[in-house]
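J.: Residues per chain, in single letters:
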Amino acid sequence: MSGELLLNAVIAGILLGGFYAAVTVGISISFGILDIVNIAHPAFVIVGSYVTYYVNAQFGIDPILAGILVLPLFYGLGAGIYQVYYVSFERRGKEALSGLAFFFGILFIAEVLLILAFGVDYRDVRASYIGQSLNFGIFHFPLRMLVPCLASLAMFAFLLIFLTRTFIGRAIMAVAQDQLALRLMAADPVKIKRIAFAISIATAALAGSFLIIIQPVEPSVGREYIGRVFAICVLGGLGSLTGTLIGAILLGIVESITATFYGPSWAPAVAFGLLLLTLALRPAGIMGR
Amino acid sequence: MKWWTFLITATIVAAAVFAGIRALNNDYYFFAGYTVLQFVVLATAWNILGGYTGYVNFGSAAFFAVGVYTTVFLHKTYPLPVPLQIVAAGIVSGLVGLGMGYLTLRLRGAFFAIATLALAVVLQTIIVNWSYVGGARGAYVLRPATIEIVGNYIHYLFLVMLGLAVIALTTARAIEKSSLGYGFATIRDDELAAEASGVPTLKLKLIATTLSGAFMGMAGAPFPYIQAYVQPNAVFGLEYAVNSIAMPIIGGTASWIGPLVGAILLGTLQQVATVTISSAVNVLIVGLLLVAFVIVAPNGIVGVVQKAWRRKL
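If you read the protein sequences in the order shown, they are chains Y and U.
Here the first sequence is numbered in the working numbering, starting from 14 and rising by one per residue.
Here the second sequence is numbered in the working numbering, starting from 5 and rising by one per residue.
These are computed hints drawn from the structure, not numbers from a lab.
Among the hints, erroneous ones may be present.
[Claimed, not checked] Residues from chain U that keep clear of chain Y, each with C-beta distances beyond 10 Å, as calculated:
1. I130
2. R141
3. N156
4. L184
[Stated by the list, open to error] Derived DEER-like restraints, expressed as beta-carbon distance ranges:
5. Y:S141 x U:N237: 34 to 40 Å
6. Y:L82 x U:V17: 56 to 62 Å
7. U:L99 x Y:G106: 32 to 38 Å
Even for Gly, the Cβ is constructed at its ideal location relative to N, Cα and C.
Just chain Y, with the same shape it has in the complex (with noise of 0.2 Å):
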């Protein structure tokens, strides 16, 4: 095992959990804080792909931007999705079983609907700086990798401020603890759920832009990430974001290093070792209480 080489993967794997953050962060708000297990998540990740793609391919814009650019329509998905639990589900009880089959629902629905559109191929974007590689010495920051970490710590770190500093932010992370408080405070729990289910799936649908510019995406990538984010979110802690950027970034060392030196083929195997190896020993994750 060589020393440079181990570096570089430590680097790559740091890069690539910033970018677990970013695809996590949702399910940390719906699954941490709302306990709605939303397994569709990554299906949405992917959506935001493809709509990254079809927007960068049609019109040229960078893909970033292109996400950014969509948040608005998939907030409004998110809202209406939230709303349909709630009547369906939540009010009568009943979200164990049916919730969970409503979600797995969508997953497959998301799936197909993208290959009767889109079809089964590989697609990618264009952007000017994928390609790219800033190098210093022996260390190689690939810019693929680079610009999707920071943009996704960039919006963990919006996020984070807006959950602690604004009041509708505290409301999110309130609903979690105690409804009757927060309708003492003029606050409606169902819409604050509301508002922050929506906001869990605009940051998957950004996360699916920051996606299609690290690798090339084909509609069933979304199950590879169902394994990565509740592992994650689990690792570090239901409900903590801390925890689940730290989460993040140890599952992005660990892959990284089994991809560098036992080929990339086990690399999916690995999200699932942590993820019973912590439901085994600390179920409550690194931040948890």
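Since chain Y is already given, all that's left is putting chain U on it; use the hints.
T.: Positioned in the frame of chain Y, the structure of chain U alone reads:
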């Protein structure tokens, strides 16, 4: 009805089905019928855990694949008669179910569901990297053309799957009527209260995951013989994962009839649709039906019929 009366009745019905299809004298019906029966077993197996205890298993394709690849492995190493391979597949996938359950069922229900989802990805990774069972390229499994007594091997495989369906349905119904079934129901309705009243919830959940996983594996065991060629992408495909959940939920999860009704209806519908439209549209239809049913009719077709019946009386 005692369980053995049910078994005898089901066997008579099954024999009539076999005789009926044999009278049609067309191998296509045996292929189509085999697929539908395979889904009857898968849906019934899913319902033992999902319907009776309320724990959702998204990894049906993974358990099915464990059965498929147990056969591929045995066929290459030490070929056994098909019924024995089904038993072997049942043991292996039952153990996988037990292990998964042991690691995740002590926590909240959602963790189990997530872990089963991820299990499919990992097993696929292992199979793709395991060249002995064919790796990503897949494996050919040659089936004999004929067998004693039954004659045509396809007819034989159909008969085996028919028998498996009868066993699965009898088991599911026996569980429902037994104290085990009541234990499962307490977990589904209020696990905390059940635990507090002295119901051994973890033990019961482990029994359910093991049984359910074992039947899913058994449903997959004859698959390599009927297809003659096995490839990871096909075995881990969307079709099995979505169908084994959609069928019980659309049929109704409360009793053994639901998965049977759901599997026969959806299975037949898909056999017709695959011939006439594409298989992607197929999965789309099943997905849409699943979402529509959980929103509009959470108790499935059986629930709707029961409600209509009661209103009439």
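J.: Are the hints correct? Go through all of them and say.
T.: Evaluated hints:
| no. | hint | in the structure |
| --- | --- | --- |
| 1 | I130 | violated, 7 Å |
| 2 | R141 | holds, 13 Å |
| 3 | N156 | holds, 36 Å |
| 4 | L184 | holds, 20 Å |
| 5 | Y:S141 x U:N237: 34 to 40 Å | holds, 36 Å |
| 6 | Y:L82 x U:V17: 56 to 62 Å | holds, 60 Å |
| 7 | U:L99 x Y:G106: 32 to 38 Å | holds, 35 Å |
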